[in-house]
Structures are given as structure tokens and as C-alpha cells.
Amino acid sequence: MSSDEQKGKKTVSFKPSELRLPSSPGEEIRLIGSKCPNCGVVYLGKSRFCRNCSSRDILEEVLGRKGKLISYTIIHVPPNPLWKGPMPYAVGRVALQEGAEITSQIVNCAFEKLRVGMEMEVIFESAERDEEGNDVIVYRLNPA
Amino acid sequence: MREVVIIGGGLHKFGRFADKSFVDLGSEAAMQALEDAGVEWPDIQIAVYSHVFDQMPSPGERVLRELGLSGIPIMNVENACSAGHTAIWLAHKLISGGVYDLALVAGAEKMPRGAVSVDRIFPDRLLGTDMMMGLYGLRARKYIAEWGAPVEAIAQVSVKNHRNGCLNPDAQYTKELTLAEVLGSRMVADPLTLYQCCPTTDGGAAVVLCAKEVAGKYSDRMPIKIAASVLNTATYKEDKDQILEMGNTVRAAQEAFSQSGFQPKDIDVAEVHDAATIGEIMQAEAIGLCPKGKGWRFVQEGKTEIYGQIPINPSGGLQSQGHPLGATGIRQLVQLTRQIKGEGGRMQVADPKIALAQCAGAGGVTSIHILSKL
Numbered sequence: 001m002s003s004d005e006q007k008g009k010k011t012v013s014f015k016p017s018e019l020r021l022p023s024s025p026g027e028e029i030r031l032i033g034s035k036c037p038n039c040g041v042v043y044l045g046k047s048r049f050c051r052n053c054s055s056r057d058i059l060e061e062v063l064g065r066k067g068k069l070i071s072y073t074i075i076h077v078p079p080n081p082l083w084k085g086p087m088p089y090a091v092g093r094v095a096l097q098e099g100a101e102i103t104s105q106i107v108n109c110a111f112e113k114l115r116v117g118m119e120m121e122v123i124f125e126s127a128e129r130d131e132e133g134n135d136v137i138v139y140r141l142n143p144a
Numbered sequence: 001m002r003e004v005v006i007i008g009g010g011l012h013k014f015g016r017f018a019d020k021s022f023v024d025l026g027s028e029a030a031m032q033a034l035e036d037a038g039v040e041w042p043d044i045q046i047a048v049y050s051h052v053f054d055q056m057p058s059p060g061e062r063v064l065r066e067l068g069l070s071g072i073p074i075m076n077v078e079n080a081c082s083a084g085h086t087a088i089w090l091a092h093k094l095i096s097g098g099v100y101d102l103a104l105v106a107g108a109e110k111m112p113r114g115a116v117s118v119d120r121i122f123p124d125r126l127l128g129t130d131m132m133m134g135l136y137g138l139r140a141r142k143y144i145a146e147w148g149a150p151v152e153a154i155a156q157v158s159v160k161n162h163r164n165g166c167l168n169p170d171a172q173y174t175k176e177l178t179l180a181e182v183l184g185s186r187m188v189a190d191p192l193t194l195y196q197c198c199p200t201t202d203g204g205a206a207v208v209l210c211a212k213e214v215a216g217k218y219s220d221r222m223p224i225k226i227a228a229s230v231l232n233t234a235t236y237k238e239d240k241d242q243i244l245e246m247g248n249t250v251r252a253a254q255e256a257f258s259q260s261g262f263q264p265k266d267i268d269v270a271e272v273h274d275a276a277t278i279g280e281i282m283q284a285e286a287i288g289l290c291p292k293g294k295g296w297r298f299v300q301e302g303k304t305e306i307y308g309q310i311p312i313n314p315s316g317g318l319q320s321q322g323h324p325l326g327a328t329g330i331r332q333l334v335q336l337t338r339q340i341k342g343e344g345g346r347m348q349v350a351d352p353k354i355a356l357a358q359c360a361g362a363g364g365v366t367s368i369h370i371l372s373k374l
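These protein sequences, in sequence, are chains A and B. The letter at position 78 of the first sequence is residue 78 when you use my numbering, and the numbering goes up by one with no holes. The letter at position 211 of the second sequence is residue 211 when you use my numbering, and the numbering goes up by one with no holes.
Because the hints were derived from the structure by calculation, they are not lab data. Do not rely on the hints blindly, as some may be mistaken.
Computed cross-link-like contacts, DSS-like style, restricted to lysine-lysine with a CA-CA straight-line distance of at most 27 Å [claimed, not checked]:
hint : chain 1 : residue 1 : chain 2 : residue 2
1    : B       : Lys292    : B       : Lys353
2    : B       : Lys373    : B       : Lys93
3    : B       : Lys237    : A       : Lys15
4    : A       : Lys68     : B       : Lys240
5    : B       : Lys292    : A       : Lys46
Chain B with its partners taken away, still in its complex shape (with noise of 0.2 Å):
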């Protein structure tokens, strides 16, 4: 299998824009993408665009065709949370395995305000077990009483991602909230409050990628490695143990870094799927950047801070950052290459060499991507 690079990322600022549609949000951060790259989007020769929400039929040829009907293959992934890895990982594979040289991936989201509609034939409607944030939460009373974690450790995740997200010029928020803020917003899942889990928002996101041996010839950009993609679901038995592990994320985890030869010390700087705050803590476990149980130490003692031993979400994750499903994965990656190459701005982290970004959904999707200098 052919090696995988990243040759450059482009973003739409996350938030809310009420005058653009999804076109204007994929659009502009597949221009990003390109430009940075230092590609011509007429080299490009497949394209992946991830989303969730339903746009219309054929979204990412409509993105697309704001810069050109080039004629190549254009596919259009759904997969939850996991959208942007998956639409990633599709490209990889098409690359790795030699099917093409060059594509690009993008992803954008515009969320409905509001209470998301449930079709009135939803069954679990009628048990008032249909919301996302009751699992976490959920998760949350159970970690507490597994772990003897006070809330408190819990909320700090946000506290440290708000703070932050006011170094990330693209983050929907940017204000700073104290713990007292955090623990006394209105309460959404016990024990998890509203600024314990993540705005729904819009924004959009690309990558580059390119075969390591012709990167080369398409861009004399600094390529980032893509060490390891990886993509699964839950079996039955990770499925049924979700309130109290992220089992599937721990197998994920193992793929990663069994495909790139790292192990998770190695890993400099990592963005997790914090929808949650509780989400960060267990993932964050599962993958194996802190030991299982103690990942709510960690926080506590800013280990996870930017300056910390494992910095987790030096862009503020989705909790200040927002998330548009299907442009956060992609997102994820952006950062992380920028993180490797030295241009994080004031969210960069000392000298990073090896990221990991993880993202895990509705449906028990979980994707790990592990990145690295070449």
C-alpha cells in the first residue's frame, strides 16, 4: 500500500451565518484547501464530501461546481459524527490502494436551529430517550460513580476548550468561562449542564491529499503523513457496555496504532470528540492518552492543557468551536497538520511531531486518524 499525505487544509470559520447556504461554507474551505496545497483544483481527480443533515440530493457536486465542472467522480458521505473521518478514510484508501494519485476531501454543515425534528413513526420518541446528550449524561453519572470523579472534573473540560477556543481565530465562541459559569449554566443531561455540551453550528472544512511518492509533482508544500486511518462500529458487546467504555474507540485506538508503529505516548497532540465533556474524558481513555479511570485527574491537574503532557484540543474541540457534523472531522485534521508544521498560531503546542484526532457518532461509528512528519 502507497503512503498518504496531507498536502493542505482549508477552513470555513465555524459559527452561525444565516446568509450563506451549505455551497458558500463547502466551497470556500475546498478553495482554502487547494490554495494552501498549491493545487489546481483541475488536477484534482476524485472528491469526497461528507455532511449529515440533509441538504439535497448530490451536495458535494454542488459544492464542487463552484469551482469547475472538472468532470471527476464526486461521492457524498453520511456518517454521523464521524462524516469528515469517513470521507477521509474513503480517500485514503483510494489513494493508498492506487486508484488515484490526488483528491479532495470536503465537508460543511449548515444545523437546523432548534430541537431537531423526530419523525412521528420513531418509536423510542414516546421514552423520552431520543436525545444524544442523555446518553452522555448517562455516561457522565455512570463514570461518577465508577471512577469517584466529582463534577467539578468533569466541567473543567470545558472551562480548558472555551479557553482555548479564544486563541482559534475560526472558533464559533470565543469568550472564556470560569468553572462557576460551566457547573451554574442551565442544566441540559444531569449531571452534564449547557455549556457542557457542544453548539450546534455551521461551517465547513477541507483536506488535500496526495500519494507520498508523486506529492511531489502536484505541490512543493511541506506533506504531513497519514500514518494511520481507521474506521469501524461497535460490535454487540461494545454496544451494550457503551455508558461505561468506549470500546469501540479502544479497538480503534489499537488498529491506529498498530498501522502506524506509534504508541500512545508518542502522541504529542491529540483532538477528541468532546460533544460532551464527559465525551473527552473517556475517549481520551479509551485511546489510551491517560490510564482508564484517572483521565478526569488529568484535566484537573491540566495535564490536557495546551502546555500540558498530552494537550487535548488546543483548538477548543467542538465545545467552543462548535460542531458542524460533517465538516469536523476534516476540521480535526486541518488543525493537526497545521499543528505539525509549526503554524497553529496561539493555539500551537510545542513542537508537536505526531497528532491524533478521533471523532465517534450516533449509530456506534468511531474513526481514528493518527498523523506524523514525514
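Chain A on its own, in the form it takes in the complex (with noise of 0.2 Å):
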């Protein structure tokens, strides 16, 4: 066990139907997406009607992390008062391989190296420490 954990601080997911923390040791981080055996989409997220097509009988899908930058901005102003990462900083929206798509803040890479259609990645990482000293896990984006 890590120190934060004996201390009875943890890691939390900030959305859990679409990042999942793992339940037991050596289990991954998981990104959570839906997948309708009857009209086929897969989407980020996890729903209990498919957002395609209404069915009751969408499945859970764990999504793959790889994926093709669709579009990107670079955003200069803070995008609500509690924001507390870099500025400016990049937002992009990746389609995956699965055919789902994700939006969020792009990491670890120069502006000007972002390209439409550049193969991008899903990482995780900690966004900030909650009320009670959790860590929140969210999804970003990195060049793959």
C-alpha cells in the first residue's frame, strides 16, 4: 500500500461512468465506453439505453487509448473560475479506434507540433486534490 492509502487518502475517479479505477491491485486504469449489438455504435461513456438508437440491451465496453486528433484549439482564457491547470493550454477531440470520441485537454505537447489527424493517446492523471485530500483522476490527451 502507498503511504497516501495507510493515511486513508485515496484515488477517485472524477466521472465514473467513463474512467474507472481499478478494484484490485494490478488492474489498469479503464477507460469506460457503451457498445449497442443492435445498431453497433460505441460511444464514451456508460449509458443504460444507447444513445443511438434507445435499446435497453447497450453493453459495457472497455474503449482502447489510441486514437486520431479530429480537431484542436488552443484556449486563452481561464474556462471557468475554479481552472486550475496551465495557460494557455490545448483542448482536442480524438476520435478512438473503436469509433468513440473524447474531448479533452491536450498534454505534453508544443502547440505548434498539433496537427488534425496526428495519432494521439488517452493518459490518466491526477487533476487536483478534493475536499478530503482524494486524488481526482481524469482523462487527457497526448501525442501518441
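Put the complex together from the two separate chains, hints included.
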């Protein structure tokens, strides 16, 4: 166990319907999506009804972390008063290999190296400590 | 279904009014609309009020009690940037369906200054994606990559709309901007600079709607027909592809042209949702006012100017007038009604007979109205 866990502090997902933390040692953080056996769509996030055809037979699908950059922008104004990230920062939308799309901050890349269509991967990192001192884990985008 | 006409419209100037409440803004617009229609408030049978930001419970009732407590049903509508169109759409349905003959639709907004506060529990704030201009920035970058449009062509929308705004006494900003000034203003969501993003604004707008068959009973003013009234939300696929294409605007336009019997080439003047410069281009393409991927060329070639082939946002649009969310859609119809009546003042387009208004906003909502001479 880490020292944080020993003190009762832990990691939490910023959005459990899209990002699942390991439930046992050796498991990885997973990007959670949905796949519809009825119409075939795959998208980010677990849902009870298919967002395309409303089928109740929608299945949970663990999504891969690789994809292509659909588009990006560099944002120069704070998106909200609680933003603790860098300014300016990049945001991108990525088409994952399974067909789902994901939008988040792009990290670890100089702005001028960003290109529409470039290969990207999803990474997981801590965004902040919540009121109880837990690490809040989010997904971000990284050049592959 | 009965035909519905607009018999009057009114505006409260758009801008910043620290000393005025939404009640002042909305009631002023409502009074002007009634006066323009030649209708007395006690004759109005139903009122619909649109707003987006939290005002207080029953804001429409508070605005309209300034005109007297006449006892009619008053409804309040919130629907992001399409709130004003949604209120008109609802009143149109109630009149065309025969429930009421005469309706007032009003909208007003006092926009918060500075950064809009975000609920701490909204998780996407940690991704930095909870910003409307960020979405438009993604669209602009994709549009440039897809169609080879230069950033100058996109920025030209702001130059055009700010020039048009100088002709509009109700606009928030009446100052011409050069292309260099637009491109040189500080960056907001690259490639979109500050002067390519609409300002936040206070303002009010109102229209009086009537069943055409009884319009002469209530008003002696020239009625303008609502030839189409369409409201929709994005389907799964349209929502997924929203960076590349305004899919539900395409569908709303198809429905609007089907309702009206007109075609895109019949439109003489349009007010299109230019929350960002790229928005005007992509929405105009989606409506069919210009070919897909060529909207930027239309702007560069002057085809969307007041004197052009298809004038878009002769009022100055959201870019120069500002965007009081609940009032914007109604404002479009007030100004297009004036255009068709030849009362556009210095904004007047040459003899328009058919006009189109379009708004779209958060949550995937899109709305279109087509107006025409009877």
C-alpha cells in the first residue's frame, strides 16, 4: 500500500461512468464506453439506453486509448473560475479506434506541433485533491 | 393548421445597462411590440417569455405585470441560444392549432459579467472543455483543415458584421473593425480571436403573433407571415459530427423549406447564429445559403454583404449587437419583419420578400423561422 492509502487517502475518478479506477491490485485504470449490439455504435461513457437507437441491450465496453486528432484549439481564457491548469492550454477531440470520441485537454505537446489527424493516446492523471484530500483522476490527451 | 402572422415587434437596445433590471428590458420591448402592432395588452390571450440565465421564479410574470395584471396564462421558456425562437415556436403552435388567436412573445436577458460561474460538481471543468468558444475553436480548426479556408476569410465575418452594426441603432458595438484589428485582438480559442466571439449583453425583444384569419380584427398594420417554424435537437450522429457539420441545422432547414414551399435560393435576407465567426459560415452552409465548404469564399467575395447576393446578418448579428440569450431569436424576427416591410432603415436590404432566421445552442438545439410577405 502507498503511504497515502495508509493515511486513508485514496484516488477517485472524476467521472465513474467514463473512467474506472482499479478495484484490485494489478488492474489498470480503464476508459469506459458503451457498445450497442442492436445498431453497432460505440461511445464514451456507460449508459442505460443506447444514445443512438435507445436499445436497452446496450453493453459496457472497455475502450482502447489510441486514436486520431479530429481537431484542436488553444484556449487563452480560463474556462471556469476553478481552473487550476496551465494558461493557455490545448483542447482536442480524438476519434478512438473503436469509433468513440473523446474531448479533453492535450498535454505534453508543444502547441505548434499539433496537427489535425495526428495519432493520439489517452492518459490518466491527477487533476486536483478534493476536499477530503483524495486525488481526483481525469483523462487527458497526449501525442502517441 | 391556421396561418400565423407577425403584426408587430419591439426591441430594447442591446448593450450594458447597469441601472436596469430584466423587468425593465423585457417590459420596454413588450410595450414597443404592442405599440408597433397597434394592439392593447388586454387583447393579448397568451404570453410566452424567454430567458436563459436564472432571473427568478416566474420571470415572465414579473416582466409583464408592468403592463397590467390581465389574468392570461404566461409561460416561461429556457432553451439556450434558441430560447427566443422556442418561445415563438410555442406561440406559433398554439395559434396555428387554434387554441389562441393573439399572443405576445417577449425575451430579455441580463448577462453575467466576466467568467460564468460553474458548479463545483460539474466534472468536465477539470478537463478544460466546459467553454462554448472552445467548441467553436475546434470547429474553426477543422473547417480550415477540411476546406483550406484562410483564417482571414473567417475573421472577415466579424469585419462585415461590425460594419453592419454601425448602421443599427440597437447594436451594442457600433465601431468598424479592420481585418488587422480582428486578427490582432487577443486570442480566445485559437484560431478565434476576441473580436470573433460575440460579447455578453443585456437586452430585450418582443413580437406580437396573430392568426392570419383574424389579424384585421386586432390590428391595421401590415402582417408578415411565419412561413415556417422549426425546432429540433441533434440526433446521436448529428451530435457526434458537430465539429465538422451543423447536421441538425441541415435537417431543420429541410423541414423549414418543406413547410414554406421555398428553396434556399428564394431567401432574400438571413439572420444567422454568429456567436463565433465560424458559426455564421457553417450555419449558412448547413441552411443551404451557400455551398458546403464555400461559405468562406462567399464572405471574402462580398456575397453576404447587405448589397450582396445573399445578405447575412445585415443587423450586425451577434458579433456587433451582442447576445442577450433569451432575446436574440426574437430580435432576429423583429428585424427581419422590418426588412420585409421596408422599415430596415440604414440596414435595409433591397426589397426582400422572404427572410430566414436561425439560432443554435448548447444541448444541440437548433431553430429556424422563415418569414414572407403575404
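Q | In rising order, the numbers of the hints this structure does not comply with | A | Violated hint: only 5; rest satisfied.
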